[in-house]
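Undergrad: Chains as they are written, first to last, in my numbering: chain A, 2 to 348; chain B, 178 to 451.
Heads up, some of the hints might be wrong.
[What the hints assert, rightly or not] The calculated lysine to any residue pairs, modelled on SDA-like cross-linking and capped at a C-alpha distance of 20 Å, are: (1) A/K155 / B/R426; (2) A/K268 / B/R426; (3) A/K268 / B/V422; (4) A/K286 / B/K431; (5) A/K268 / B/A417; (6) A/K121 / A/N52; (7) B/K354 / A/N52; (8) A/K268 / B/H370.
Derived from the structure by calculation, the hints contain no laboratory data. Since this is a predicted model, take the numbers as computed values, not measurements.
Below are the chains, spelled out letter by letter.
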Amino acid sequence: MKLVCLGLNHETAPVEVRECFALSEAGLDRETEMLLSAPEITEGVVLSTCNRTEYYAVVNGDGVNGLEDWVCEQRGFAGSRNGVFYHHESREAAEHLCRVASGMNSMVLGETEIFGQVKKAYQRSLNRGATKGILNKLFQRAFGVGKKVRTNTKIQEGATSVAGASVELAEKVFGQLKGSSVMVIGAGEMSRKTAQALQSRGATSVMVTNRSFDKAVDLAAEIKGRAVPFAGWEEELTHLDVVIAATGAPHFVVKPGHVEAVRRKRKFRPLIMIDIAVPRDIDPKVGEIEEVYLYDIDTLQEMADQARKRRQEQLLVCEEIIREEIDKAHLPGTETSLKPDSSSIDP
Amino acid sequence: MSIPRSSHLKGEAGEASYMGMEIWWLVLSTALAAAGAVLGWREMKAESGGRSAFWFMTGAFCCQLMALGWRGELRGKCPLGDVGEICLFLSWSLTLFYLVTGSTYRLSLLGVFTAPFVVLLQGIALVPGAFDRGFTRVTTVDPWVEAHAAFSVLSYGALALAAVAGVMFFILNYRLKHRQLEGTLMQGLPSVHRLVKAMARITLVGWLVLTVGVITGLLMKSGSFNVHLMVATVTWVLYAVLLGVYFVRGLPGKQLAWGVTSLFVLSLLVFAKL
Numbered sequence: 002m003k004l005v006c007l008g009l010n011h012e013t014a015p016v017e018v019r020e021c022f023a024l025s026e027a028g029l030d031r032e033t034e035m036l037l038s039a040p041e042i043t044e045g046v047v048l049s050t051c052n053r054t055e056y057y058a059v060v061n062g063d064g065v066n067g068l069e070d071w072v073c074e075q076r077g078f079a080g081s082r083n084g085v086f087y088h089h090e091s092r093e094a095a096e097h098l099c100r101v102a103s104g105m106n107s108m109v110l111g112e113t114e115i116f117g118q119v120k121k122a123y124q125r126s127l128n129r130g131a132t133k134g135i136l137n138k139l140f141q142r143a144f145g146v147g148k149k150v151r152t153n154t155k156i157q158e159g160a161t162s163v164a165g166a167s168v169e170l171a172e173k174v175f176g177q178l179k180g181s182s183v184m185v186i187g188a189g190e191m192s193r194k195t196a197q198a199l200q201s202r203g204a205t206s207v208m209v210t211n212r213s214f215d216k217a218v219d220l221a222a223e224i225k226g227r228a229v230p231f232a233g234w235e236e237e238l239t240h241l242d243v244v245i246a247a248t249g250a251p252h253f254v255v256k257p258g259h260v261e262a263v264r265r266k267r268k269f270r271p272l273i274m275i276d277i278a279v280p281r282d283i284d285p286k287v288g289e290i291e292e293v294y295l296y297d298i299d300t301l302q303e304m305a306d307q308a309r310k311r312r313q314e315q316l317l318v319c320e321e322i323i324r325e326e327i328d329k330a331h332l333p334g335t336e337t338s339l340k341p342d343s344s345s346i347d348p
Numbered sequence: 178m179s180i181p182r183s184s185h186l187k188g189e190a191g192e193a194s195y196m197g198m199e200i201w202w203l204v205l206s207t208a209l210a211a212a213g214a215v216l217g218w219r220e221m222k223a224e225s226g227g228r229s230a231f232w233f234m235t236g237a238f239c240c241q242l243m244a245l246g247w248r249g250e251l252r253g254k255c256p257l258g259d260v261g262e263i264c265l266f267l268s269w270s271l272t273l274f275y276l277v278t279g280s281t282y283r284l285s286l287l288g289v290f291t292a293p294f295v296v297l298l299q300g301i302a303l304v305p306g307a308f309d310r311g312f313t314r315v316t317t318v319d320p321w322v323e324a325h326a327a328f329s330v331l332s333y334g335a336l337a338l339a340a341v342a343g344v345m346f347f348i349l350n351y352r353l354k355h356r357q358l359e360g361t362l363m364q365g366l367p368s369v370h371r372l373v374k375a376m377a378r379i380t381l382v383g384w385l386v387l388t389v390g391v392i393t394g395l396l397m398k399s400g401s402f403n404v405h406l407m408v409a410t411v412t413w414v415l416y417a418v419l420l421g422v423y424f425v426r427g428l429p430g431k432q433l434a435w436g437v438t439s440l441f442v443l444s445l446l447v448f449a450k451l
């Protein structure tokens, strides 16, 4: 018996190839059943996310080459396989799964969503009886390693996107964003992403304003906010905590006078202003007002770059944890000791 | 604590040739506060929350109580008669408010800034001569004098803590305004919002306690409106104006921070001169 992993991801395959192998919820169940119907495969878990499709299996015989042929046949893929698939066996496969569960193999290094996706994939196979001793033990260990890596390293620290950096700054000013009011000036993609990032941290009242009111209404509907006519956006400043500006205007939209006019009414409460437009929407002089914290796209981009760099620097520490944990677990890595574990394991 | 009342302690304390127990309690307290400062700083650098500072300051607080109790027994009244006792009492009240507000507002990092301040004050108290030994144990006390002294110094503990929060605000505000967003200190500091609230609330508590201090001062038997009481009243009025402006009209955080730090330093300097 041999543990194998066959997969493709955003690093090895372009989107047009990845979409050939992407599987829906129902498709995953079918695929798992068919995988197990192959006589040389005794256990299997299929993982499919937007950036990867991976097969973990315990096989007899030809191992991973046979599996690759089978998968391509199933998906009707006749294109070039050159460099598309990666193959791992035994210990390498175990280490790879730990990397995936830890977010080390993700497009956004250290992202957390993958952990839940791996867990869900394993749970689905467990429920269908597709996993037994070896994969149960392997996945349980991978979940433990994933948690340890995230707890003991800084792999998931810091915001790696402009929207995330905006949230981080807003939290540095307000502590928590629960109940805070946000205005988005401009109804583009960056506005949507940043507003949604703030909402995900608890911002409740989101207003959208745009020169084209229809676009403001559309975005407001999408993010469950409120559209405000562009002519009257300044009046709303009194109640706001965060302003995000991302219009295509060639001149400053927000000027010091706008904020000066409402300072007394605001009782000089802190106001954070995020300018993600180029050319800039907010006059830099606004940032000179005492209670205003103004950041432009360069600052946010630098924060995101720094966070990515810090995460990269953590990779060696993460690898060390994985090596130690795999050694301790006596998992399938030492080619000869791949013994099923018959103990009952809860996911 | 039961303090032995040997004959030489009952009379002229200055006649006692041995080193008072209060010194040992103070040394222990200072060591604990210093350890709290160092560990708090290290925890902050390691981004682990600064919890040790809280527990070490709790230990320092207990030792301060013992030292104050000892001095109180020696004097037979509230121990606020010399530089050492004032520093000790101020450290005690500063630590008390740190422990109370530290858990309420979860400003555990306040300990990183408070602990060195306590060490400094207690270091001054430990300078030879800071504790007066040539006094006579009093037999009768004016309770209003005692209450005035105790409440006034207690209020200064809170006002000092507000000033510490003000210094933290300056650091945070400078770094946010100058886009110095990376680093351990930046990650460890509380948010702007939380610091502004903390400054206002701690100052309000200190001002309320100071109010009691001023009122009890006016009720003293030797109740002439002397310079000391006048300065205390002016300080009270200035803090009242600051709080009034903040709560009624509103103030930018930076101006509030200037207010709480400059008023504290100013009043401390004036009282030191008196």
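Undergrad: Does each hint hold? Answer for all of them.
TA: Here is how each hint holds up against the structure:
no., hint, verdict
1, A/K155 / B/R426, "violated (43 Å)"
2, A/K268 / B/R426, "holds (6 Å)"
3, A/K268 / B/V422, "holds (10 Å)"
4, A/K286 / B/K431, "holds (18 Å)"
5, A/K268 / B/A417, "holds (18 Å)"
6, A/K121 / A/N52, "holds (16 Å)"
7, B/K354 / A/N52, "violated (39 Å)"
8, A/K268 / B/H370, "holds (13 Å)"
When held up to the earlier numbered hints, the structure conflicts with 1 and 7 and fits the remainder.
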